[in-house]
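Go ahead and model the full structure; you've got the sequences and the hints to work with.
Chains as they are written, first to last, in my numbering: chain A, 1 to 444; chain B, 1 to 115.
Some hints here could point you the wrong way.
[To be verified] Going by beta-carbon spacing under 8 Å, a handful of chain B positions derived as facing chain A:
1. L29
2. L81
3. G82
4. F107
[As the list claims (entries may be wrong)] Only pairs whose alpha carbons sit at most 30 Å apart, straight line, appear in this in silico DSSO-like list of lysine-lysine:
5. A:K65 to A:K45
6. A:K391 to A:K331
7. A:K331 to B:K73
8. A:K195 to A:K148
9. A:K45 to A:K231
10. A:K162 to A:K147
11. B:K68 to A:K386
12. A:K331 to B:K74
13. A:K65 to A:K147
14. A:K195 to A:K334
15. A:K45 to A:K147
16. A:K334 to B:K73
17. A:K334 to B:K68
18. B:K73 to A:K231
19. A:K202 to A:K231
20. A:K45 to A:K162
21. A:K391 to A:K378
22. A:K231 to A:K195
[Unchecked claim] From the derived model, a few chain A residues whose C-beta atoms are all more than 10 Å from chain B:
23. F72
24. W91
25. Y125
26. G137
27. R198
28. K202
29. C232
30. N245
31. T321
32. V359
33. G379
34. E411
35. R441
Please keep in mind that the hints were generated in silico from the structure rather than gathered at the bench.
No experiment lies behind these values; they were computed from the predicted model shown.
Cβ coordinates follow ideal geometry from the N, Cα and C atoms, glycine included.
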Amino acid sequence: MNKIVFYLALLSLGLSFYQVTSATTCTLQSVAWDRPRAGDKDSVKYTVTGSNCAGFQVAINIWEKDLTSDDFIVQNTLTFPANGDSVSAGWYVDASQGGDLTGDNQFFIVAQAGTGTGSQVKSDYLYVAANGSSNGGASINFDVNPKKIPASSTEAMQYTLKVNITNPSSLTTFCGATQGGTTGYFYWNVFQGSKLIRGGNKPIVATQYNLDFTENINLTEGSYPFYAELKCLNNTNIQRSATVNLVVGSGSTGGPGSPGGGGPGAPGGTNQDFSFQIPNPLSGRADTLLDLVNVITTWIFNISIPIAVIFILWAGFLMLTAGATPANFAKGRKILLNVVIGLAIVFIGRGFITLIQSVLELGSPQTTTGTGTSSTKKGPGGVCAKETDCKTGLWCNNTMCQYTDGNTISEPCLTTINCGAGLVCVPSNETIDGRPIGRCRMPN
Amino acid sequence: MFQIFSIYLADAGEDLNGLPGYDITVQSLFGILTGLACWATRLALIAVVLALVWYGLQFILSQGNPTKFAGAKKSFWYGILGVVVIMATYTIIATIANAFGADYTLFLPLDCSAY
Chain A
1 MNKIVFYLAL LSLGLSFYQV TSATTCTLQS VAWDRPRAGD KDSVKYTVTG
51 SNCAGFQVAI NIWEKDLTSD DFIVQNTLTF PANGDSVSAG WYVDASQGGD
101 LTGDNQFFIV AQAGTGTGSQ VKSDYLYVAA NGSSNGGASI NFDVNPKKIP
151 ASSTEAMQYT LKVNITNPSS LTTFCGATQG GTTGYFYWNV FQGSKLIRGG
201 NKPIVATQYN LDFTENINLT EGSYPFYAEL KCLNNTNIQR SATVNLVVGS
251 GSTGGPGSPG GGGPGAPGGT NQDFSFQIPN PLSGRADTLL DLVNVITTWI
301 FNISIPIAVI FILWAGFLML TAGATPANFA KGRKILLNVV IGLAIVFIGR
351 GFITLIQSVL ELGSPQTTTG TGTSSTKKGP GGVCAKETDC KTGLWCNNTM
401 CQYTDGNTIS EPCLTTINCG AGLVCVPSNE TIDGRPIGRC RMPN
Chain B
1 MFQIFSIYLA DAGEDLNGLP GYDITVQSLF GILTGLACWA TRLALIAVVL
51 ALVWYGLQFI LSQGNPTKFA GAKKSFWYGI LGVVVIMATY TIIATIANAF
101 GADYTLFLPL DCSAY
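Encoded structure:
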């Protein structure tokens with residue numbers, strides 16, 4: 001028993017140490033585009049997530065990758081909300097800023113937290129077709145399953161390849177019709193690294209192509225990238241999918257993506273803070289020390305009920321058979337009393353903590369740990385399904401809580417429908433209930 | 001080092017597949033205790049019947065002997081209290097749970113159907 005207490009203490013010490021160290025600095029975890037590919041003049045969104053970053057500022061630099069030196073596009077500064085670990089902003093894609101004449105522009109974000117010199121993260125690429133090319137809005141939906149297979153064994157891989165062409169005639173013009181005909185063709189190729197897995201060609205007639213296939217592969221241990229691409233018959237690139245990684249064997253799965261060093265603009269020669277994380281081996285939602293305590297408490301609670309039943313029955317049995325030895329009756333009564341006391345303590349449980357807390361707070365009501373029954377009604381801008389989801393005086397329109405005669409200037413909106421007469425909805429960088437909202441404004 | 005460790009932990013579940021034996025989880029402990037409680041309930045009910053018959057027999061065997069009769073009466077009342085406690089097991093727990101605000105419908109009565 002002492003050993004168990006010792007190990008629990010050690011565990012809690014370790015966990016609390018981990019918490020304390022990370023609580024002092026904002027650690028960026030990721031920055032990501034909301035889509036892997038965008039068209040020219042699209043509005044895209046990006047989200048920065050971090051831990052312990054509430055209130056921190058994060059510097060955003062958007063770059064475009066080139067073969068020789070990357071182009072700097074734009075800078076922005078975001079502030080994490082006081083109670084959240086992620087912040088989003090929008091960006092208006094302008095392919096001409098990328099400067100690439102053929103192929104895809106690859107935009108990426110470098111996010112840097114606050115004033116710290118470390119804690120820099122880099123996003124994946126956002127692919128945008130080069131300015132001037134009109135590939136008819138061709139897009140590829142490519143996936144490989146399973147994502148993990150054993151090494152040196154023949155496995156049937158499912159390749160999912162769906163091609164969407166918004167405007168086939170535009171793509172035909174882009175690729176050029178073939179040999180005097182009027183129909184254009186495109187190649188599709190699926191690559192594993194630089195090795196061609198399967199390819200083919202299709203006439204550009206439809207808007208959707210389903211090119212799924214299955215293929216046996218046999219690979220040695222390692223990680224293999226897969227991607228699909230579309231080309232014109234004259235070898236002009238139309239589109240390339242995001243890369244899908246296949247892990248072979250029980251080897252490294254890559255671990256948690258270490259924040260990429262070496263991004264453009266990383267300050268050199270200064271002290272850098274690094275934070276490392278031990279991945280949580282528990283899958284049971286126990287992320288913090290209190291969660292762990294909660295899990296253990298729940299189990300002790302569950303176990304205590306049958307134990308109480310057994311002991312009450314034993315007390316009853318002792319009293320039942322006390323006839324010959326009256327001492328047993330007193331014993332049974334004592335057991336019963338102790339069971340009652342024990343159960344009372346079990347049921348009060350965490351109540352003791354709140355009891356002491358409320359005594360120390362002079363009985364003032366708790367604001368932070370409310371059960372949430374009273375404050376679920378949404379204000380203007382909140383997500384709703386029906387009128388009763390919203391506060392009094394508001395109704396649900398366009399899945400958003402709003403005033404019955406439309407929201408007035410600088411109040412939230414999703415579209416102009418939420419705004420009052422004569423006002424328009426202007427997009428903003430803000431979010432309410434996790435979705436981006438705009439603000440009602442006077443039209444220019 | 002930590003990464004290797006975590007990978008082993010993460011993979012442990014998959015690697016156990018195919019090995020002989022029976023997956024035991026913490027739910028099993030709860031099951032064992034519940035099973036014991038269920039059997040204790042049944043045994044206690046049998047004991048109630050046996051004890052009451054035995055006390056009835058003692059009244060008969062006292063044959064008007066005042067000392068024996070007093071003893072039998074005392075034993076009988078102890079026995080009745082014991083029966084009340086045994087029968088009221090769940091009532092006792094539910095009363096305490098209710099008094100302290102716990103939702104006892106979640107765990108009472110014990111589900112004995114599987115044991």
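(request) Go through the numbered hints given earlier and state which of them the structure violates, listing their numbers in rising order. (result) 6, 11, 14, 18, 31
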